[in-house]
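Visitor: Using the sequences and the hints, build the whole thing.
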Amino acid sequence: MYCSKCGKEISDEAYMCPHCGTMVRDLPKEVAAGDGTARGGNGAHNGYRKTNAFAIAGFVCSFLFALLGLIFSVMAMKQCRERNEEGYGLAKAGMIISIVSMVLSVFLGIIYGAVLASALSYM
1 MYCSKCGKEI SDEAYMCPHC GTMVRDLPKE VAAGDGTARG GNGAHNGYRK
51 TNAFAIAGFV CSFLFALLGL IFSVMAMKQC RERNEEGYGL AKAGMIISIV
101 SMVLSVFLGI IYGAVLASAL SYM
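For the sequence shown, the residue numbers in the working numbering are 1 to 123.
Among the hints, a few may not be true.
What the hints assert, rightly or not - Below, a list of computed lysine-lysine pairs in the BS3-like style, where the Cα atoms sit at most 30 Å apart:
no.	residue 1	residue 2
1	K92	K5
2	K5	K50
3	K50	K8
4	K92	K50
5	K78	K50
6	K78	K92
7	K8	K78
8	K5	K78
To be verified - Per label pair, the in silico range of CB-to-CB distance:
no.	residue 1	residue 2	range
9	L68	S11	51 to 61 Å
10	G113	L67	15 to 25 Å
11	E9	M75	21 to 31 Å
12	E82	I111	34 to 44 Å
13	L108	L68	16 to 26 Å
14	L64	V115	18 to 28 Å
15	I96	M123	37 to 47 Å
Hints were generated in silico from the structure; no laboratory data involved.
By construction, the Cβ of each residue, glycine as well, lies at the ideal position given by its N, Cα and C atoms.
Guide: Rendered as structure tokens:
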């Protein structure tokens, strides 16, 4: 079967296109109701979306390595939009934390440099 929106080939059992996220047929009543009875597999055939791995990595790295966290988070935000994956909010939080961390690092570096220069001028 082919997706009516993007034209890519998809599985005959698919409920939504894994490429563009378009619903190609109605979900079963138990999945649509959210009781979880139709779970299993990789999630592509039953309407569930996976969380983007870069979003998780970006959020974690934003606390440890701000620049790496920023790069991963920006990549994750782009991929979440393109692939219709979960994790956009997590990536956005990682990006914000990374930016705040880098700004604080620069600000504290300037203050530290000023204090150090002041202390050296008295010697």
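Visitor: Now tell me, hint by hint, if it's right for this structure.
Guide: Results of checking the hints against the structure:
1. K92 - K5: 28 Å, holds
2. K5 - K50: Given pair K5, K50 holds - Cα atoms ~21 Å apart, limit 30 Å.
3. K50 - K8: 20 Å, holds
4. K92 - K50: Holds, because 17 Å separates the two Cα atoms, which is no more than 30 Å.
5. K78 - K50: The hint holds at about 15 Å.
6. K78 - K92: 11 Å, holds
7. K8 - K78: Satisfied, since the Cα-Cα distance of roughly 21 Å is no more than 30 Å.
8. K5 - K78: 20 Å, holds
9. L68 - S11: 51 to 61 Å: 36 Å, violated
10. G113 - L67: 15 to 25 Å: About 20 Å separates the Cβ atoms of G113 and L67, which means 15 to 25 Å holds.
11. E9 - M75: 21 to 31 Å: 27 Å, holds
12. E82 - I111: 34 to 44 Å: 41 Å, holds
13. L108 - L68: 16 to 26 Å: 19 Å, holds
14. L64 - V115: 18 to 28 Å: 26 Å, holds
15. I96 - M123: 37 to 47 Å: 41 Å, holds
Hint 9 alone, counting from the list given before, is not met by this structure.
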